[in-house]
Amino acid sequence: MMKKRWQRRHLVEAFVKGLMIVSFLVVAGCLGAILWTILVNGFPALTWDMVTQIPQGGFYLGKGGGVLNAILGSLYLAGGGTLLAMIFSLPIALYLQTYLGDSDWGRYVRLSLDVLWGIPTIVYGVFGFTIMLAIGLRASLLAGIVVLALVELPIMVRAMDEVICRMPVDLEQAALALGSTKLEVAVRIVIRQMLPGIITAILLAFGRGIGDAAAVLFTAGYTDRIPTSLMQPTASLPLAVFFQLGTPYPIVQQRGYASALILTIIVLIISVGSRLISARLNKYTVK
Amino acid sequence: MNRQIQLDIKKTRLEAEGRQRRPSVVARNQRNQFARRTFFIVTLLPMILIAAVTIILVVRSWPILSTYSPKDLFLGSTWRPDQGLFGFWPYIVGTFWVTIVGVLLAVPPCLLTALYLSEYSHSFTRSIAKPILDLLAAIPPVVYGVWGLLAIVPFVEDVLAPLSRRWLSFIPIFAVNQPTGFSILAGGIVLAVMIAPLIIAVVYEILRTVPEELRHASLAVGATQWQTIRQVVIPRVVPGMVAAIVLAASRALGETMAVLMVVGNVAQVPASVFDAGYPLPALIANNYGDMMSIPLYDAALLCAALILLILILTFNILSTLVLQRMLGKNWA
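These protein sequence lines are chains A and B, in that order. Residue numbering for the first sequence follows this note's numbering, beginning at 3 and increasing consecutively. Residue numbering for the second sequence follows this note's numbering, beginning at 1376 and increasing consecutively.
Keep in mind that a hint or two might mislead.
[Stated by the list, open to error] Here chain B is said to cover these stretches of chain A; the calculated rule only asks that three of the stretch's residues, wherever they fall, bring their Cβ under 8 Å from a Cβ of chain B:
| # | region |
| --- | --- |
| 1 | 8–17 |
| 2 | 36–50 |
| 3 | 62–73 |
| 4 | 77–85 |
| 5 | 191–203 |
| 6 | 225–233 |
| 7 | 265–275 |
Calculated from the structure, these hints are not laboratory results. All values derive from a computational prediction rather than experimental measurement. Backbone N, C-alpha and C define an ideal beta-carbon position, used for all residues, glycine too.
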């Protein structure tokens, strides 16, 4: 048995592998560092009042109250935006897969969606605000929802597209062979079979929507009250964080950190929740 | 007539059995055609949207584009809207500085991580890595901003700046000219972490497209794994890696909130990574909405958005075309 000779290339191998593991740990460590920083700074100021009360007079000078207006506002905004985006993205995703497949036209649509995904949200915000000025709409929940729907649309369609592409071909062909129209295949077979992935896609888009500040900065406005109609301005958590950090008072900044913690927790719940939901729903699909 | 009666009888029988009458083939086909047309129209929406955004930004920034020469506008370095001076140069330079620093910091560890996950790691490590990257991608920009404010800015101020002052200050781009940590470097670090999940995910997908047989052949003739990667795997994926990096750069260019919170927002042409900068998205976010009284200010900010949009569209389309070719349609 020949003894393994340690050559230079084996040293390089070990060195590079070590470097890769270190890189991976650095990336993972960043996640840990972010969560740790937010938790340590946000937790002390996270009181029950923070999540159950709206800001009271002098809130931004350090008086009492909470950010319920922003929490609910964000949920309204992201919820409405997701719903609106869903109405458009489900047909697009189904059309891409069942009617277009791999055709050239399908490639162009996918390219356009990828390009839309890349447009920064601040540009959507500015675009939305310009349109609002033109039609005489003030900063409102409605405007915020529409702009967030624009932001979420490409994310949702591409994520749905990706799961629907994994649709088993034989299942689809079996349905077609029995005489189903393409629409029936799309609605009755594809949606049912791919439901876990579709829900994951929707929640992914919701998570993006709720965390985005630049799109709602001009379009949804900011207010200390909870909106009761679509035409009223509304607060949102990212902007609550931003504005509270902008004040010179440490106590208010502390609350900003706590608001960031609340936002992080919501996003984590969505992210982990979507994983659990899709794992659970996966039991009901044809393997 | 006879047929009508037959149908009626059939219908009554079906209802008696508690079943619904099936729609006829004609009706189903009509429904299918109707859906096809409706879906087609909805599918035009993304393209219409891209066109609408571009056209509206061009139209609304036309007043300033037609008043000033491109040279004054894009290369002018004085930004005094109240005196009618709109020079975008500091903002354009600031944008590129932050993006380049972010990308340079992100690329080496991300490529190594993607290589590790694709070539070396056990499936168990991969199953841990996926949720980590998903979470990293899910964290909202403003939370990254808070992290930058609490961790990165002090880190730059207390650790990196003194180190640089001691060892690197003879190199102009590492000179420390200001006392705070609010700097291009802080913005770049935050951006690097933000774009990391994207780069890793795309590069990983590209590496998966290299046929396993090629690796086996290389390993079978005695190459180490790193030799295989360097001489067999990487040459096949270089265009895709470049595209992934360009794509990440386009995301970084448009990032607003997180960068805005840590980069200092001083309208100057930065000379060093420790200088403060003022990227275009931050300019828009800080000023748009309350600029109505100054003439052309509105058009100037929309022009800033237009510059940003054009830069990003170019980067984005190029990288997407390369990636679509390499990965087929499902690369995202």
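Now for the hints, and whether the structure bears them out:
1. 8–17: Coverage by chain B holds here, the residue count being 4 at a Cβ distance below 8 Å.
2. 36–50: n = 4 at 8 Å, threshold three: holds.
3. 62–73: Violated - the region 62–73 of chain A has 0 residues with a Cβ nearer than 8 Å to chain B, which falls short of three.
4. 77–85: Answer violated; 0 residues pass the 8 Å Cβ test.
5. 191–203: As far as the region 191–203 of chain A goes, the hint is violated, because 0 residues have Cβ atoms under 8 Å from chain B.
6. 225–233: violated (count 0)
7. 265–275: Holds, because 6 residues of the region 265–275 of chain A bring their Cβ atoms closer than 8 Å to Cβ atoms of chain B.
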